[in-house]
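*Asks:* Starting from the structure of chain L, add chain U where the hints point.
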Amino acid sequence: MHYSFDFMSVFVNWPRLLEGAWLTVQLSALAIVLGFVLGTLCALADKSKIWLLRALVKTYVEIIRNTPLLVQVFLVYFGLASIGLKLSAEFSAVIALTVNVGAYTSEIMRAGINSIHPGQIEAAECLGMSRFHVYWHVVLLPAVERVYPSLTSQFILLMLASSITSQISAEELTATANLVQSETFRSFEVYVVIALAYLALSFLFRAAFWMIGKASFVRKRKLGTNL
Amino acid sequence: MIAFSFLHVEYLLQAALWTVILSLVAFVGGGSLGFVIALGRVSPSPTLRRLSSAYIQVVQGIPLLVVLFITYFGLAIAGFSLSPLVAAGMSFAVYCAAFLGEIWRGCIEAVPKTQWEASACLGFNRFEQLQKVILPQAFKIAIPSTVGFMVQIVKNTSLASVIGFLDLSRAGQIINNSTFQPFTVFGCVALIYFCICYPLSALSKHYERKLHVSNR
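Keeping their order, the protein sequence lines are chains L and U. The first sequence runs 1 to 227 under this note's numbering. The second sequence runs 1001 to 1216 under this note's numbering.
Okay, chain U solo, but in the shape it has when bound:
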């Protein structure tokens, strides 16, 4: 039996780097797709609204684990053999887009309707209305909940370990298999996750408080 040592901690920290990388990929991919979904949800076209709302309904009703399996195995039979990073990144983008889309829709709708009317009176077309008037205001409202959702993303990347992505959780499992010290190993893993997530949570709370001051 090998004792848990600093070498293992170093290994865990290296794996934590991959957790962070995957989280960033998920956030950027999910954010871009989610932005489109959010715009679809507030679009004047009923077809687009229905499509994007159906997307959200379906993805939010399926566990992320199953989304991961479908992407990983589904794309493999379609003839693409994907590295776990790409497969995981794609699944997370699909998953996060549904949640971010719904969060951002709420933020866009939180901008008072009079802002739409006023900008229409100024002769802005829909694109200009969004770009110059609505989105900058919605952006401010969106910051706390978006940062809060980033915590969810970081935590959810732990599931990528299931399809063989060597992230923090997978590294923890590997070390546990050789040292048989689950409390130490997974305690360490949990601590590293906590160190990544807690600052984000605190930041989200801080922004929320700031937002509420300006709204009072």
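Here chain L stands alone, though its shape is the one from the complex:
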């Protein structure tokens, strides 16, 4: 083996790689927030009395969970463009990632909502709470608190999966790495560096979710017990 490693040619491109990493963070954060809202709404719709709504949610979840993200990304980017809806790569990436993570979040949230004892809801109704208040304080918040660890793992997987959007040339971390690679021909070095960058990002996301959890679950923080 006659190969001398040259990490310098990668590091001189650090401003671009940093920009790519920042876009990865933005894409993921946006998709996580939107996907969480979408998933929660779907989980609530799954509990509704309307048959059609339940069937729609079930179909959506099954389709997304049984097809690869790459194909979903292609369908959004190339498919929508072919019917005249030309979206930027970044915008398509956010849509595809949101739709994808929404389906998984809906399954997780469904489990969380199912874990709420019916007695809790009845008790809240007896206290004269409105339907909205019951859903917000008694069903949703405790449900999120219970499934928070699963949500965290799912969202970190999404952040890593956002690398797939490099295939439609959204200029995030992996796409930037591909560019640097094709300019410097230092493929191995580039990908080792961004592997470490992703590792650092996943630790950052984990820390961020831990802090968000600490800030939002007041009861848990004060009492230190699980629900």
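Since the hints were derived computationally from the structure, they do not count as laboratory data. All C-beta atoms in this analysis are idealised placements derived from N, C-alpha and C, irrespective of residue type, glycine included. Any given hint could be a false lead.
Unchecked claim - Computed far set for chain U versus chain L, every beta-carbon distance over 10 Å:
(1) Leu1013
(2) Ser1081
(3) Val1111
(4) Tyr1193
Unchecked claim - Each computed DSSO-like pair below joins lysine-lysine, with the alpha-carbon atoms no more than 27 Å apart:
(5) U:Lys1140 - U:Lys1205
(6) L:Lys47 - L:Lys58
(7) U:Lys1132 - U:Lys1113
(8) U:Lys1210 - U:Lys1132
(9) L:Lys47 - U:Lys1210
(10) L:Lys58 - U:Lys1113
(11) U:Lys1132 - L:Lys58
(12) U:Lys1113 - U:Lys1210
(13) L:Lys49 - U:Lys1205
(14) U:Lys1140 - U:Lys1113
(15) U:Lys1210 - U:Lys1140
(16) U:Lys1205 - L:Lys47
*Replies:* Same frame as chain L, now just chain U:
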């Protein structure tokens, strides 16, 4: 412009066969390595435990796409020129091992501790304990989640298209480039993936329900 025809569907189905083959390679390779990792995670030696947990932490923190690139380009500069199937198979084995290792660790730990103690009382050594008492029980618990993870493997093999492996997604891209009918082509591709994955998902759900009945 060429219209999308049955010839294309046939091409897609042929490529789907490669998706299935790669999934099997990934499952067998990842399963064998993952089994070792799972045993390392529950080993009495702290060094082994730390090593296997570090492996899981690192691999689960890197996107599969990057793992693929590192294997494909890294092994090339080490002097091995690998076919995409071998490179993809190796990356998937590395990737799946981390996830299967963690899933199976959970299953081994789900076997009650008293089973370990009881088999120790019978004079079994650690190997016999695992082989005769713990693993057969852990196996039963592991079936639903393992089948569920197979769905993930099948979906993730779509990424192998990036390093030039001619799987279902790559075939879809090629056809799309000549027909310019992305909705039809990728819709077809998605449908074929769905036909592979949905039975697995349903099977996983079925096993899970069965397991919960016996646990009630």
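*Asks:* To test your reading of the hints: which numbers does this structure violate?
*Replies:* 4, 10 and 11
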